[in-house]
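S.K.: Given next are the chains, with one letter for each unit.
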Amino acid sequence: MSDKPMKFKVKGSIRDLLRFKNLVKKRAKIIDAAPASFKEEPYINTLAARLHPELQHLVVREVIEETGTCKTFRLVPDGAGSRELAFFQAGQYLSVKLDVNGYRITRPYSISSSPSDALKGFYDLTIKRLEGGFATGFIWNTWKTGSAVTASGPLGQMYHAPLRDGRSIVALAGGSGVTPFRSMAREICYGRLDATLRLIYGCADDQEILFHDEFRELAKKYPDRFSFVMVMSCEETSVEGCEKGFITRSVIQKHSNPAVDSYFTCGPDVMYDFTGLELAALGVPVKRIRREAYGEIKKPLRFKDFPQSAVGRAFSINVRLKQGSVVVSASGDESVLVALERAKLAPPSACRSGECQYCRTLLVKGDVWVGPECDGRRAADRQTGYIHPCASFPVSDLEIVLPENGEVRKN
Amino acid sequence: MGERWDREFDAVVVGAGNGGMAGATQLALSGKKVLMLEQHNILGGFSTSFVRGRFEFEASLHELCDVGTREDPGGAGVLFRDLGVDVEWAYVPEAYRLIVPEKNIDVVMPFGIAEYIDAFERYVPGSRPVVTKFIALAKEIGEALAYLAAMKGNPDKKVLLKKYPNFIKTATYSVDEVCHALKMPQAVKDILYAYWCYVGIPMSRQNFTLFAVMLYKYLLRGAAIPRYRSTGMAEAFERRFRALGGTVQLNTRVDKIIVENGRVVGVRTAGGELIKTRHVLCCAAPPKVFNGMIHPATEVPARALKSVNARSIASSGFVVWLGLDASPDELGIRDYSYFIYRDTDTERLYRDFSSLGRPSVQATVCLNRAVPDCSPAGTTILSMTILYKPEAWKNVEPQDYYRLKNEIAGYLVEDFEKATGCSIRDHIEEIDISAPPTYARYTGAWQGVIYGYEVDSWDSFLPRLMAMKDEQYIGGLRFSSGWGIRTIGYSSALQCGQTEALLTLVDMNNEGVTA
Numbered sequence: 131m132s133d134k135p136m137k138f139k140v141k142g143s144i145r146d147l148l149r150f151k152n153l154v155k156k157r158a159k160i161i162d163a164a165p166a167s168f169k170e171e172p173y174i175n176t177l178a179a180r181l182h183p184e185l186q187h188l189v190v191r192e193v194i195e196e197t198g199t200c201k202t203f204r205l206v207p208d209g210a211g212s213r214e215l216a217f218f219q220a221g222q223y224l225s226v227k228l229d230v231n232g233y234r235i236t237r238p239y240s241i242s243s244s245p246s247d248a249l250k251g252f253y254d255l256t257i258k259r260l261e262g263g264f265a266t267g268f269i270w271n272t273w274k275t276g277s278a279v280t281a282s283g284p285l286g287q288m289y290h291a292p293l294r295d296g297r298s299i300v301a302l303a304g305g306s307g308v309t310p311f312r313s314m315a316r317e318i319c320y321g322r323l324d325a326t327l328r329l330i331y332g333c334a335d336d337q338e339i340l341f342h343d344e345f346r347e348l349a350k351k352y353p354d355r356f357s358f359v360m361v362m363s364c365e366e367t368s369v370e371g372c373e374k375g376f377i378t379r380s381v382i383q384k385h386s387n388p389a390v391d392s393y394f395t396c397g398p399d400v401m402y403d404f405t406g407l408e409l410a411a412l413g414v415p416v417k418r419i420r421r422e423a424y425g426e427i428k429k430p431l432r433f434k435d436f437p438q439s440a441v442g443r444a445f446s447i448n449v450r451l452k453q454g455s456v457v458v459s460a461s462g463d464e465s466v467l468v469a470l471e472r473a474k475l476a477p478p479s480a481c482r483s484g485e486c487q488y489c490r491t492l493l494v495k496g497d498v499w500v501g502p503e504c505d506g507r508r509a510a511d512r513q514t515g516y517i518h519p520c521a522s523f524p525v526s527d528l529e530i531v532l533p534e535n536g537e538v539r540k541n
Numbered sequence: 003m004g005e006r007w008d009r010e011f012d013a014v015v016v017g018a019g020n021g022g023m024a025g026a027t028q029l030a031l032s033g034k035k036v037l038m039l040e041q042h043n044i045l046g047g048f049s050t051s052f053v054r055g056r057f058e059f060e061a062s063l064h065e066l067c068d069v070g071t072r073e074d075p076g077g078a079g080v081l082f083r084d085l086g087v088d089v090e091w092a093y094v095p096e097a098y099r100l101i102v103p104e105k106n107i108d109v110v111m112p113f114g115i116a117e118y119i120d121a122f123e124r125y126v127p128g129s130r131p132v133v134t135k136f137i138a139l140a141k142e143i144g145e146a147l148a149y150l151a152a153m154k155g156n157p158d159k160k161v162l163l164k165k166y167p168n169f170i171k172t173a174t175y176s177v178d179e180v181c182h183a184l185k186m187p188q189a190v191k192d193i194l195y196a197y198w199c200y201v202g203i204p205m206s207r208q209n210f211t212l213f214a215v216m217l218y219k220y221l222l223r224g225a226a227i228p229r230y231r232s233t234g235m236a237e238a239f240e241r242r243f244r245a246l247g248g249t250v251q252l253n254t255r256v257d258k259i260i261v262e263n264g265r266v267v268g269v270r271t272a273g274g275e276l277i278k279t280r281h282v283l284c285c286a287a288p289p290k291v292f293n294g295m296i297h298p299a300t301e302v303p304a305r306a307l308k309s310v311n312a313r314s315i316a317s318s319g320f321v322v323w324l325g326l327d328a329s330p331d332e333l334g335i336r337d338y339s340y341f342i343y344r345d346t347d348t349e350r351l352y353r354d355f356s357s358l359g360r361p362s363v364q365a366t367v368c369l370n371r372a373v374p375d376c377s378p379a380g381t382t383i384l385s386m387t388i389l390y391k392p393e394a395w396k397n398v399e400p401q402d403y404y405r406l407k408n409e410i411a412g413y414l415v416e417d418f419e420k421a422t423g424c425s426i427r428d429h430i431e432e433i434d435i436s437a438p439p440t441y442a443r444y445t446g447a448w449q450g451v452i453y454g455y456e457v458d459s460w461d462s463f464l465p466r467l468m469a470m471k472d473e474q475y476i477g478g479l480r481f482s483s484g485w486g487i488r489t490i491g492y493s494s495a496l497q498c499g500q501t502e503a504l505l506t507l508v509d510m511n512n513e514g515v516t517a
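Here the protein sequences come in this chain order: F and E. Here the first sequence stands for residues 131 to 541, numbered as in the working numbering. Here the second sequence stands for residues 3 to 517, numbered as in the working numbering.
Same shape as in the complex, but just chain F (with noise of 0.2 Å):
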């Protein structure tokens, strides 16, 4: 190619030259005869407000003994901040936002209810009292009939993706890690999700198992997309026809095809360590095993490679705020995100399992550990030093920058 511009016109030269001259004042004239009012509503950022709110405003409307040690709390809109429920995903979340005496913490607790349920207007989340529990025990105290509770939208990736799981569903669940089977198990059985579920229950004792009546009712109903079978830890049992001791492979091979089926895992996380052993030893790859967040890692010393040096032992960490700084004790064996709501300092956090990124804080100086199972960090975060304190754990003094919480208004 020459130096030299080529011969060239689109509609004659002159014409083209002329278009050009008035490229700016055809602009103007344009723009001037465009009205000057509003539009049109944005209605996609409407839409996506309505299945992704911030915050939703509920009430308790009624609250469902369901065990001695659990309780199902329905939860309606408020009327004013929230007019309807975000629909969900059945095995979907709320992270509940809780002030106790001061202290804001979050919760994430799987909607048992079904998306259908939210449509109607409600959800269910029904949550097991821990013993000594600083948010359970609040909620046993606190939560009734008329009473506000403030949620996230409905979050967590533990759902059936169509493309990716099929059609034939099987749930591990262990004790109250039932709840978003039930939510599931509904949807399935209402026609609103193309997919059938098996679900094998570990519970403990017999007092423990959650929602036995209607599991049995959905099953007798709807044999060709819903059946279960529970799996008794305890020595004595009532319960007719149930396999005895825990989910091993021998129970899983029994009822369900590892080679074809998808598994869901939702329960204590000695349970999740125990199944996917069990479900690698009968070869069903990575990609058909589903589970629900890990949890927040209560004992991290129970992890081999967690830091000896560390263990028992006190850090402090410098938290840089918008303004200044204050400097916050934490413990080798509690997360990151706890010291810091136990300093009042309100951090933003949803699912608490590394997973979700609310909580993604800088970490300036010092080292954390993650837990194995819980490491959600993009490839540039490790790099920058950011970290998700909700699964990270201080082994040296730390100085980190406290991430804004969005939803924490000033009025």
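Derived by calculation from the structure, the hints in this document are not laboratory data. Predicted model, so just to flag it, every value in this text is computed and none were measured. Keep in mind that the hints are not guaranteed to be accurate.
Stated by the list, open to error - Below, a list of computed lysine to aspartate or glutamate pairs in the DMTMM-like style, where the Cα atoms sit at most 25 Å apart:
1. F/Lys156 to E/Glu473
2. E/Lys407 to F/Asp295
3. E/Lys290 to F/Asp295
4. F/Lys452 to E/Glu10
5. F/Lys151 to E/Glu179
6. F/Lys139 to E/Asp178
7. F/Lys417 to E/Asp434
8. F/Lys474 to E/Glu275
9. F/Lys417 to E/Asp375
10. E/Lys308 to F/Glu170
11. F/Lys151 to E/Asp458
12. F/Lys134 to E/Glu473
To be verified - Residues of chain E clear of chain F, computed beta-carbon distances all greater than 10 Å:
13. Arg9
14. Phe113
15. Val132
16. Leu246
17. Asp461
Each residue gets a CB set at the ideal place from its N, CA and C atoms; glycine is no exception.
Assemble chain E onto chain F, guided by the hints.
M.R.: Showing chain E alone in chain F's frame:
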């Protein structure tokens, strides 16, 4: 007055998308006290990534134009160099593979001008002269724009006319109009137009200047992507900006830009904080800003609203991300970038952006073909993108939303398998799907739009640039994103941010305002 404000900055960047990050870094580099506010918990806007299981998916970028190498940087490469932002790049192996099953087209087009013309001649014998002519025009336009940039927008008109006459002559026309004048046969257009969907409007309307320079730069310098996804780029900006003394504040939405007597005096966050500043670089869309963010609303000039209403809002995206449990070789996925079109009639393809049937277009990327270790050994990352006009999703109710997303994703997977002969369906380990509301959710994007305004010839970057002074409606407020003067695209948004920051510095100098 002093009582009213919580903090004060020389400039506040509202939204840390590409333009915001580039602009903020430029201002900080020039010694200004800058606050970058971002509503999400990470910088980058659409330039981001997310983790699902053992995969980290790239949120939006297919290929960044005009990076070049360290030794021979293109425009974008120069921007990163000048701002001191150190990004680790990976290079895209080929320009594109285009598959149009209905027309029996399946071609792999290489980067490199000579290589591209040769490949064209192989696929369409006799195409060499017209493709060569097209690229000569594109080259002239690329050089004219470089000259304009070097002259800081004040070119010698005689030089422009003498050296770059075709730049002037083609500037007001669409791609179709110019290709008609070139007497380009349909078989050539079928392959040459492949990148049309990166601009997203039909070639009967798509401005020639923009398309030609894009194609030319891709062929000249190839394409790059950040080694650690767009987050790698965003965090390179963040590290540099912080090192220059800039202040980053995440999880903070700006809900008002406060204006007095036609000029910015500050911003207010959703948390109620009042920040004093006379200069705002804004990544939020003008329709959003002029329809509710300016406070008081009476400070919005009528012409600003006319300016919004005169334009057409471009497309939003729909992406299916797949983490596959087999390697690209095992799956038979040979190429990085696939354009799979039902037809080559861009009018028809564009019309389908407005309805929710089976998509007619997909731009699919296999990330491992540019970054082989982007996922664990024996796995593959594939992402499939289509565009939607917002109106296609207007009547979607929440209870139908997830089913609809899965249905469209199913079509895309099926169409990819049919077009390429690769089986992927049985290898899906992770899947996620975004739709227009997803973009609105994470970035607040107006109508979920990822592309800004449509780029008709009257609203392409030359007219936007030439009318810039008349269209700055509020003193101190500049738009630094795809909605701005450079129009759509990753590198355009970056360059827009830098340009608007430089213009802000001029404003500051003229006002004699210092920190």
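S.K.: Now tell me, hint by hint, if it's right for this structure.
M.R.: Here is what the structure says about each hint:
no., hint, verdict
1, F/Lys156 to E/Glu473, "14 Å, holds"
2, E/Lys407 to F/Asp295, "15 Å, holds"
3, E/Lys290 to F/Asp295, "39 Å, violated"
4, F/Lys452 to E/Glu10, "13 Å, holds"
5, F/Lys151 to E/Glu179, "18 Å, holds"
6, F/Lys139 to E/Asp178, "14 Å, holds"
7, F/Lys417 to E/Asp434, "14 Å, holds"
8, F/Lys474 to E/Glu275, "20 Å, holds"
9, F/Lys417 to E/Asp375, "19 Å, holds"
10, E/Lys308 to F/Glu170, "13 Å, holds"
11, F/Lys151 to E/Asp458, "17 Å, holds"
12, F/Lys134 to E/Glu473, "36 Å, violated"
13, Arg9, "8 Å, violated"
14, Phe113, "18 Å, holds"
15, Val132, "12 Å, holds"
16, Leu246, "15 Å, holds"
17, Asp461, "7 Å, violated"
Checked against the numbered hints above, the structure breaks hints 3, 12, 13, 17 and satisfies the rest.
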